[in-house]
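K.L.:
Listed below, chain by chain, are the residues.
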Amino acid sequence: MKLKGRVWKFGDNIDTDVIIPARYLSSTDPKILSQHCMEPLDPSFAEKVREGDIIIGGQNFGCGSSREHAPIAISALGIPLVIAKSFARIFYRNAFNKGLALLEADIFDEIEQGEEIEVDVAAGGGEVKAKPIPPFMVELINEGGLINYLRKKLEEEDEKI
Amino acid sequence: MGMTITEKILAAHAGKDYVECGEIIEAKLDLCLANDITAPLSLEEFDKVGARRVFDPEKVVFVLDHFTPNKDIPSAENCKRIREFSKKYGIRHVYDGGACGIEHALLPEEGLVVPGDVIIGADSHTCTYGALGAFSTGVGSTDLTYGMVTGKNWFKVPESIKFHCTGTWQKWVTGKDLILHIIGMIGVDGALYASMEYDGEAITALSMDSRFAIANMAIEAGAKNGIFKVDEKTLAYVKNHSKRPFVIFESDTDAHYREVFEIDVGKLDSKVACPSLPSNVKDARELGAIRIDQVVIGSCTNGRIEDLAIAATILKNKKVASDVRCIIIPATPKIYRESMRQGYLEIFMEAGCIISPPTCGPCLGGHMGILAKGEKAIATTNRNFVGRMGHPESEVFLSGPAVAAASAIRGSITHPSEVE
Numbered sequence: 004m005k006l007k008g009r010v011w012k013f014g015d016n017i018d019t020d021v022i023i024p025a026r027y028l029s030s031t032d033p034k035i036l037s038q039h040c041m042e043p044l045d046p047s048f049a050e051k052v053r054e055g056d057i058i059i060g061g062q063n064f065g066c067g068s069s070r071e072h073a074p075i076a077i078s079a080l081g082i083p084l085v086i087a088k089s090f091a092r093i094f095y096r097n098a099f100n101k102g103l104a105l106l107e108a109d110i111f112d113e114i115e116q117g118e119e120i121e122v123d124v125a126a127g128g129g130e131v132k133a134k135p136i137p138p139f140m141v142e143l144i145n146e147g148g149l150i151n152y153l154r155k156k157l158e159e160e161d162e163k164i
Numbered sequence: 009m010g011m012t013i014t015e016k017i018l019a020a021h022a023g024k025d026y027v028e029c030g031e032i033i034e035a036k037l038d039l040c041l042a043n044d045i046t047a048p049l050s051l052e053e054f055d056k057v058g059a060r061r062v063f064d065p066e067k068v069v070f071v072l073d074h075f076t077p078n079k080d081i082p083s084a085e086n087c088k089r090i091r092e093f094s095k096k097y098g099i100r101h102v103y104d105g106g107a108c109g110i111e112h113a114l115l116p117e118e119g120l121v122v123p124g125d126v127i128i129g130a131d132s133h134t135c136t137y138g139a140l141g142a143f144s145t146g147v148g149s150t151d152l153t154y155g156m157v158t159g160k161n162w163f164k165v166p167e168s169i170k171f172h173c174t175g176t177w178q179k180w181v182t183g184k185d186l187i188l189h190i191i192g193m194i195g196v197d198g199a200l201y202a203s204m205e206y207d208g209e210a211i212t213a214l215s216m217d218s219r220f221a222i223a224n225m226a227i228e229a230g231a232k233n234g235i236f237k238v239d240e241k242t243l244a245y246v247k248n249h250s251k252r253p254f255v256i257f258e259s260d261t262d263a264h265y266r267e268v269f270e271i272d273v274g275k276l277d278s279k280v281a282c283p284s285l286p287s288n289v290k291d292a293r294e295l296g297a298i299r300i301d302q303v304v305i306g307s308c309t310n311g312r313i314e315d316l317a318i319a320a321t322i323l324k325n326k327k328v329a330s331d332v333r334c335i336i337i338p339a340t341p342k343i344y345r346e347s348m349r350q351g352y353l354e355i356f357m358e359a360g361c362i363i364s365p366p367t368c369g370p371c372l373g374g375h376m377g378i379l380a381k382g383e384k385a386i387a388t389t390n391r392n393f394v395g396r397m398g399h400p401e402s403e404v405f406l407s408g409p410a411v412a413a414a415s416a417i418r419g420s421i422t423h424p425s426e427v428e
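These protein sequences, in sequence, are chains A and B.
FYI, in the numbering used here the residues of the first sequence are 4 to 164.
FYI, in the numbering used here the residues of the second sequence are 9 to 428.
The set of hints was computed from the structure by calculation and includes no laboratory data.
One thing to keep in mind: the hints can contain errors.
[Stated by the list, open to error] Within a straight-line C-alpha distance of at most 30 Å, the following computed DSSO-like cross-link-like pairs (lysine-lysine) qualify:
| hint | chain 1 | residue 1 | chain 2 | residue 2 |
| --- | --- | --- | --- | --- |
| 1 | B | Lys56 | A | Lys34 |
| 2 | A | Lys156 | B | Lys170 |
| 3 | A | Lys163 | B | Lys56 |
| 4 | B | Lys164 | B | Lys36 |
| 5 | A | Lys156 | B | Lys164 |
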């Protein structure tokens, strides 16, 4: 999967409270959530971002709460990929479960805000040298994610009954 | 090689004799938890996969604690949906209305979690139950749905980091000060993906309430879980609160640790985490007078009876500074009632505090104590990220109950010894 997009840079420890502030969590609607994505850091982010844009973060991206609304808000803006030096663990699982691709790569200092980059996610980043995605996660992605895996499993059980 | 307590619990739940860190396992779950913010997404996924039952209605718990008493129509609709789902699928453990308490104070109190359990919760502070010698960790709503339907989930066995704590605790210093000290030392990703394990004489000396506060903030160092050895205090607590059978696991002496930290708690003084990271930790004494507008004493970290007792000791016969709102949130109905019996509520009201019903409300900037632009708060909560308690230009300082109560009296960040 090759992705080409404009880059939005955020720093270290981008927490879920800035990705989507808790006061908006009474909604589960991806469109509504996306309108407030990164609002505390940049109130006009949702307006400026274009479909296909890519977020680049520093260390510990997605730290804080377990809210799945965070990857949902990012995805709903049409952002397919976040590249960061490292990710917080709950956000990492949530993003894969929600179909938001993540790559661990130390490219923060090499790339300018607004620059266009091309990333081959399937090939471990291509020119962007990323840490490989754990084999177990790759299997899960190939199954269509955790929920599709579960759906298939339930359907198979039904057939047995 | 031996195993850590975390490795042993995970191995037992995966039907294995031995696991090593980095290994991916599928483990059986003893409990699945969600709240009024995370459950709605879980229920959407539940419908999407076409599930027709939860794996065990006794092992699914919903606590409607975040935006309750409901702050707006969408949050009321969310709670209604959870009630309807629970009725349909026979889920009995729904904590709502007068039975509602802050989830991570409530579940141990209700006896729903015991030593040796594997617990997942769609709330990052689910790691709190490690204080009981259980493996518990936060997950997202989709992972929770998977757990709710299958009774299992996958885990990467974490590396363990040990914190060996010795020495004698100074006056006013509690578990919260220790965990703030540790996060300040290792950073907000210092234990990323790892297990934080605590032992030593200073831990044995700690109350269960302080242990819960320490385990609670494991996530603030990026950890997967925080965990304590089961001792006499744990057993007394479990006996008082639960009828469930349980298994005690203990780390082997030759278990592998990524790192071992030696901490002399005798050298610790009251700590404050300054904006806007829980790792920005300083001694309360070195801060100088930082004016505050609001104090919050409560949350899943520090809303337990020990915390309210400390706050009451400091606030007795004192007044909250006239330009400060001091909000006290007993974490559960039982803690609320015990505070009433002990006379703490009377002390708080005399001092001019606001007493809130149990809710997560202000901690995450949801409701019941939101900050305006430029305002500052000191809170016994767990996060001080940008805009956490309200306006993006408001600021949150984190501390234990003693510093928070002393600061309420002075109207600025204050060490408790200054108001004795």
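K.L.:
Look at each hint and say if it fits the structure.
P.N.:
Taking the hints in turn, this is what the structure says about them:
no.: 1; hint: B:Lys56 / A:Lys34; in the structure: holds, 19 Å
no.: 2; hint: A:Lys156 / B:Lys170; in the structure: violated, 39 Å
no.: 3; hint: A:Lys163 / B:Lys56; in the structure: holds, 21 Å
no.: 4; hint: B:Lys164 / B:Lys36; in the structure: holds, 14 Å
no.: 5; hint: A:Lys156 / B:Lys164; in the structure: holds, 22 Å
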